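Enquirer: Kindly generate the complete structure, drawing on both the sequences and the hints.
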Amino acid sequence: MAASISGLLKPWTPSVFLVRWSRYNPYYLEPEVSKEAYSRPETELSAEEKEQRELKALRPIKAATSGVTSSVFDDPVISKFINMMMEHGNKVLAREIMTQTLENIKKKQVEKYHKASEGEREVIECNPYTIFHQALENCKPVVGLASIQKGGKYYQVPIPLTDNRRRFLAMKWMITECQDNKHRRTHMYEKLSQELLAAFGKEGNVIKKKYELHKMAEANRAYAHYRWW
Amino acid sequence: SQNRVKLFPLAHVDTTHFYVQVMLHKCNLMILTCISFQACHSEKHLGQYYTLPSAHIRTLFPSGLPWRYQQQVKTFNEACIMVRQPSLEVISYLKKTDYSKPALRYLFYGQKGTGKTISLCHTVHFCYTQGWLVLHIPDAHQWVKNCKELLPSSYNASRFDQPLQATTWLRNFRLTNERFLSKIKTKHRYMWTKREFTEEGSLLGELVDQGISRVKSSSDVVGAVMKELRLQSGQPGSDFRLAVAVDGVNGLWGRSTIKKEDKSVDPEELTLIYNLRKLMRNDWTGGAIIATLSQTGSLYTPKSAYLPQELLGERGFDSMDPFIPVSVPNYSEKEFESCYLYYMDRHWLQHPQSRTEEGKKELVFLSNRNPSMLDRICGFL
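Order-wise, the sequence lines are chains W and A.
Take the first sequence: its position 223, counting from 1, is numbered 223 in my numbering, and each next residue is one higher.
Take the second sequence: its position 173, counting from 1, is numbered 173 in my numbering, and each next residue is one higher.
Hints were generated in silico from the structure; no laboratory data involved.
Possibly wrong hints are sitting among the right ones.
To be verified - Quick list of in silico lysine to aspartate or glutamate cross-link-like pairs, DMTMM-like style, CA-CA up to 20 Å:
no.	chain 1	residue 1	chain 2	residue 2
1	A	K74	W	E49
2	A	K278	A	E268
3	A	K361	W	E49
4	W	K62	W	E44
5	W	K108	A	E268
As the list claims (entries may be wrong) - Each pair of labels, with its calculated beta carbon distance range:
no.	chain 1	residue 1	chain 2	residue 2	range
6	W	E49	A	E310	56 to 64 Å
7	A	Q309	W	N90	37 to 45 Å
8	A	Y93	W	D74	30 to 38 Å
9	A	L299	W	N181	24 to 32 Å
10	A	K260	W	G67	33 to 41 Å
11	A	T97	W	E111	36 to 44 Å
12	W	P160	A	P352	28 to 36 Å
Only a predicted model underlies this, so the values are computations on that prediction, with no experimental measurement involved.
Just so you know, even glycine gets a beta-carbon here, dropped at the ideal spot from N, CA and C.
Expert: Have a look at this one:
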């Protein structure tokens with residue numbers, strides 16, 4: 001109820017503050033964590049950004065979540081992936097797995113790099129972060145399927161997906177694939193690094209799953225007009 | 001191109017080495033690949049890396065290097081160690097000692113992850129290149145915990161044998177010191193069982209083979225090998241110097257978690273530990289004892305303990321006294337720079353932000369210039 005039109009409402013803070021939930025009064029602004037955003041001088045900013053800065057001086061700001069850091073090595077995509085891997089709130093373990101995965105990918109690529117000849121070296125990508133981002137990009141589906149009821153029957157209708165939904169599906173498929181379909185005696189970081197390297201090269205089970213989804217959507221193309229949004 | 005002139009101090013000393021380095025390493029960083037190892041060990045090269053030949057790694061350190069360092073060697077296809085003050089100090093003492101006097105004991109101590117084991121390996125490699133006989137115990141803590149087989153000793157009824165650990169150690173010893181096995185002869189006669197014995201004057205190699213093939217008496221063979229080497233080094237007839245290198249020496253005087261019929265076994269009752277303690281006494285000449293303290297593998301010691309007094313305990317300190325303590329600190333600024341440049345050269349730091357000034361400052365802050373923390377952090381960056 002309090003989260004209605006922010007213009008009419010005075011800025012208020014409840015006496016008991018539920019910091020762990022994200023139900024803030026919309027009057028509160030998002031925190032800006034990176035140091036470089038504040039180091040830009042006045043002259044470089046456009047009119048809107050200047051307005052935004054002045055607003056920040058007046059309005060209250062939401063508390064930053066514990067997942068964001070002001071470190072230069074902070075990456076929102078990696079944080080999201082760590083959160084998705086986390087079980088029972090064990091962020092320490094999820095983060096450990098992620099760092100071990102990145103180290104493992106880098107180790108394999110750097111070993112390959114040092115053993116390769118001069119000509120092959122330019123092709124080998126050693127940065128685990130670019131590999132991770134590229135692999136996720138390769139796994140993102142373009143269209144999805146929605147179950148729509150028409151005339152008593154349910155049809156699988158191809159629909160466009162938002163960016164967030166695509167990223168979520170790519171990450172979810174990657175994690176479930178590594179948890180379910182691999183040999184049980186390998187560590188998670190080993191399984192993940194193998195799957196990420198395969199996805200980087202457009203092979204592997206996750207890419208196959210994405211292609212199957214695309215094929216289903218292509219097959220059900222006739223029902224596309226059942227979508228009304 | 002400016003760096004190329006600045007970072008090769010060897011250029012004014014020996015031009016042949018300079019040209020060889022430029023050919024071998026096209027990058028202009030503080031790395032040097034030396035042909036002669038003696039040239040590598042002087043104060044001029046503090047902070048620089050020197051490469052260990054892979055043949056030496058295979059023979060000298062079948063299991064002596066830390067796990068993460070072994071992985072690094074495999075990834076980079078080379079083994080580079082930074083020349084640091086503690087190991088350089090011990091090497092300079094080793095060069096100047098009078099070997100007719102009793103053996104000196106050097107002890108590397110420091111906080112967790114500062115590079116004690118690597119300093120020990122550096123010193124051991126120096127001894128190896130000088131042609132010494134190296135008696136390297138990779139981790140004394142492995143002998144007082146997780147023992148799968150414990151046999152009552154055949155020699156002394158009150159002691160216990162550890163055949164598995166003894167045979168692994170003998171195999172590694174044979175691999176490291178091949179050339180000495182056919183030269184050194186035993187001075188005593190050893191009876192293993194009623195029918196098996198080793199005659200006086202037989203080769204050390206035969207003694208070691210006896211221990212490896214007859215697993216039951218391997219701990220006693222280890223004791224015999226130690227006794228022979230201790231007696232023979234420093235004698236006028238022998239032409240070798242003995243280097244005893246023990247990692248985690250505080251395990252010899254600590255407690256053990258091995259249980260025999262629900263009763264905890266004291267380290268004194270283990271043959272291997274008993275013989276190793278005798279070797280650590282400075283009643284022999286013609287060599288040196290180099291040791292490292294380690295809290296990480298030790299049993300029943302608090303995590304914050306790192307000083308010799310705390311980790312060795314009363315008995316250990318009295319046995320090791322007098323010794324030369326060598327402190328191994330975290331990286332200095334120059335050493336940190338050198339490590340950073342080495343990782344950059346080996347393409348280990350891949351994150352684009354880690355190559356900026358702010359990224360470097362953040363690495364300094366996160367790792368507190370601790371070598372192992374820096375290694376772990378740079379691992380995923």
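Enquirer: Does each hint fit the structure? Answer for all of them.
Expert: Quick rundown of the hints versus the structure:
no.: 1; hint: K74(A) with E49(W); in the structure: violated (50 Å)
no.: 2; hint: K278(A) with E268(A); in the structure: holds (11 Å)
no.: 3; hint: K361(A) with E49(W); in the structure: violated (29 Å)
no.: 4; hint: K62(W) with E44(W); in the structure: violated (26 Å)
no.: 5; hint: K108(W) with E268(A); in the structure: violated (45 Å)
no.: 6; hint: E49(W) with E310(A): 56 to 64 Å; in the structure: holds (57 Å)
no.: 7; hint: Q309(A) with N90(W): 37 to 45 Å; in the structure: holds (39 Å)
no.: 8; hint: Y93(A) with D74(W): 30 to 38 Å; in the structure: violated (47 Å)
no.: 9; hint: L299(A) with N181(W): 24 to 32 Å; in the structure: violated (42 Å)
no.: 10; hint: K260(A) with G67(W): 33 to 41 Å; in the structure: violated (51 Å)
no.: 11; hint: T97(A) with E111(W): 36 to 44 Å; in the structure: holds (41 Å)
no.: 12; hint: P160(W) with P352(A): 28 to 36 Å; in the structure: holds (33 Å)
Violated hints for the displayed structure, listed by number in ascending order: 1, 3, 4, 5, 8, 9, 10.
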